[in-house]
Amino acid sequence: MLKSFATNRSGNFGMIAALLSVPLFGAAAMAVDYVNAASHRASIQNAVDAAVLAAAASGMKTEAEMRVVAEKALLGNVDEDMRNTVDINGFAVTADGQVTMSVTGKLPSTFARIFNLDVLKVGVNAQAQRPGGQTIEIALVLDNTYSMVGKKLTDLKLAANELIKTFEGVADLDVKIAVVPFSRYVNVGTQYRNQSWLQVDPDSSTTKNVCRKTKPLISKSGCYRETTSGMNDGVPTTGSREVCSSYTYGPEETVCWDSTSNVTWRGCVGSRDAPFDINDTRPDRRIPGLMNQNCSAPLLTLTDDFTAVRNSIKSMVAQNETYIPAGVMWGWRVLSPQVPFTEGEAYSKDVRKFMIVMTDGSNTLSPSYPYHNGRDGTYADQLMIKACNNAKLESIEIFTVGVDVPNASTREGLVSCASNPKNAIAISDSAKLGLAFKGIANEILSIRLTM
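Just so you know, the sequence shown maps onto residues 1 to 451 in this note's numbering.
Just so you know, these hints were derived from the structure itself, not from any lab. Virtual Cβ for every residue (Gly too), placed ideally from N, Cα, C. Treat the hints with caution; some may be incorrect.
[Stated by the list, open to error] Straight-line alpha carbon distances no greater than 35 Å define the calculated DSBU-like cross-link-like pairs of lysine-lysine that follow:
| hint | residue 1 | residue 2 |
| --- | --- | --- |
| 1 | 349 | 213 |
| 2 | 349 | 220 |
| 3 | 61 | 72 |
| 4 | 392 | 165 |
| 5 | 432 | 386 |
| 6 | 165 | 432 |
| 7 | 151 | 72 |
[Claimed, not checked] Derived Cβ-Cβ restraints for the label pairs, each shown as a range:
| hint | residue 1 | residue 2 | range |
| --- | --- | --- | --- |
| 8 | 231 | 314 | 43 to 49 Å |
| 9 | 231 | 415 | 24 to 30 Å |
| 10 | 379 | 415 | 52 to 58 Å |
| 11 | 196 | 368 | 23 to 29 Å |
| 12 | 195 | 349 | 28 to 34 Å |
| 13 | 242 | 202 | 25 to 31 Å |
| 14 | 420 | 208 | 21 to 27 Å |
| 15 | 169 | 92 | 24 to 30 Å |
| 16 | 274 | 197 | 14 to 20 Å |
| 17 | 307 | 92 | 58 to 64 Å |
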């Protein structure tokens with residue numbers, strides 16, 4: 001009987017199941033407490049985030065004053081029954097304006113107490129940057145093409161000046177602004193002519209005697225003025241010319257005169273060959289200066305002299321057609337710490353770099369390196385997006401502002417160019433530029449979590 005009992009296994013499954021149920025029950029119990037703790041931690045994290053943001057934005061001068069603000073915000077953002085369960089472990093404000101807070105939250109356990117865990121603890125940290133604690137660099141990349149003539153350019157100048165005024169009103173803010181007007185080309189300024197990063201031919205003037213055969217006009221009749229029409233940067237233009245029904249010419253004669261040809265560099269620059277046209281690399285691949293070209297007012301490199309910034313904006317004149325990638329690339333270059341310019345600080349978490357690209361039109365031109373004489377607007381849109389994406393890889397935050405842009409490809413390109421969809425602003429009237437620029441300024445100045 002004993003032998004048969006010993007070999008009887010009919011009840012083993014029940015015994016094993018009973019033994020296994022203990023750790024399984026414990027794991028399930030711990031899972032419940034883990035979920036509760038995770039939810040508790042998320043609630044406290046949100047409250048601590050709000051606390052450091054409130055302290056950073058408070059305008060208080062001392063750490064003690066900011067701690068009072070943070071504690072009030074912390075307790076105001078947790079449920080009443082949780083207020084006695086949170087402890088502030090640390091609060092600090094660094095010299096460069098970083099506000100840091102660490103908090104521990106306590107949560108009574110539900111099932112974990114069977115393992116002698118009566119209270120679960122969760123720790124959270126948050127950090128925010130005060131507005132004056134970082135260096136801010138801004139490149140204003142502004143459309144100066146012919147389609148901006150008149151009211152649009154006036155509205156743009158007013159909006160840009162209001163943006164400057166916003167930053168002037170913030171105490172202890174280290175901000176520098178650059179201005180990059182663009183049209184067909186960008187004007188870097190003739191003062192850089194002999195720099196190693198630029199390839200410019202010497203100015204020249206040649207005079208030679210030219211002769212040609214011609215028949216002098218004796219008389220004309222049946223003349224009237226004819227209206228002509230055309231397009232300039234997508235804008236319809238009109239003109240007039242004289243048309244006559246009859247012309248009378250004298251006998252053929254040879255006429256000679258001295259003809260002078262001047263070749264001058266006015267500061268206009270074209271594009272390097274691909275792929276360097278959309279990259280801020282290889283400074284040894286020099287940028288081509290273009291002779292006898294007209295372009296926008298000269299760019300202004302980063303400066304904290306706001307009078308100089310205003311004067312640069314005041315000097316802007318609308319002319320020529322649109323090639324936005326040129327503006328983007330020079331906006332990037334004025335922010336870059338490497339050549340061609342030296343005003344931009346090194347890329348780091350302590351330096352925030354922004355580019356604001358404003359245009360009212362589609363890309364009407366594309367590159368025919370080094371010139372921008374092509375007519376493939378879609379290709380230009382693609383280059384614009386690639387240039388923006390490359391700049392964003394350097395942590396440059398890009399805002400775009402499109403004013404009644406007629407072409408869908410360019411409109412979509414401006415959205416892709418921006419750092420995120422909310423940074424892409426589309427407006428129908430240049431009168432709204434002031435509000436758009438004000439919103440961008442406020443976004444730049446907003447307090448941000450940094451941890």
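Each hint, compared with the structure:
1. Of the supplied pair hints, the one linking residue 349 and residue 213 is violated, its CA atoms being roughly 71 Å apart against a limit of 35 Å.
2. Taking the CA atoms of residue 349 and residue 220, the gap is near 74 Å; set against the 35 Å cutoff, the hint is violated.
3. Distance check on the hinted pair: residue 61 and residue 72 sit about 17 Å apart at the alpha-carbon level, within 35 Å; holds.
4. The hinted pair formed by residue 392 and residue 165 meets the criterion: a straight-line CA distance of about 26 Å does not exceed 35 Å.
5. The hinted pair formed by residue 432 and residue 386 meets the criterion: a straight-line CA distance of about 28 Å does not exceed 35 Å.
6. Taken as a hint, the residue 165 and residue 432 pair is honoured in the structure, with Cα atoms around 17 Å apart against an allowance of 35 Å.
7. Only pairs whose Cα atoms come within 35 Å are accepted, and residue 151 paired with residue 72 is rejected, the gap being roughly 49 Å.
8. Look at residue 231 against residue 314: about 29 Å separates their beta carbons, and that is not inside 43 to 49 Å.
9. The hinted window of 24 to 30 Å between residue 231 and residue 415 holds, with their beta carbons roughly 26 Å apart.
10. Checked against the hint of 52 to 58 Å, the C-beta distance between residue 379 and residue 415 comes to roughly 18 Å, which is inconsistent with it.
11. Here the CB-CB span from residue 196 to residue 368 is close to 26 Å, well matched to the stated 23 to 29 Å.
12. Checked against the given bound of 28 to 34 Å, the beta carbons of residue 195 and residue 349, roughly 30 Å apart, stay inside it.
13. For residue 242 and residue 202, the hinted distance range of 25 to 31 Å is not satisfied, since their beta carbons lie about 41 Å from each other.
14. The hint said 21 to 27 Å for the Cβ distance between residue 420 and residue 208, and at roughly 59 Å that hint is violated.
15. For residue 169 and residue 92, the hinted distance range of 24 to 30 Å is satisfied, since their beta carbons lie about 28 Å from each other.
16. Checked against the hint of 14 to 20 Å, the C-beta distance between residue 274 and residue 197 comes to roughly 18 Å, which is consistent with it.
17. Here the CB-CB span from residue 307 to residue 92 is close to 38 Å, at odds with the stated 58 to 64 Å.
In this structure, the earlier hints numbered 1, 2, 7, 8, 10, 13, 14 and 17 are contradicted, and the remaining ones agree with it.
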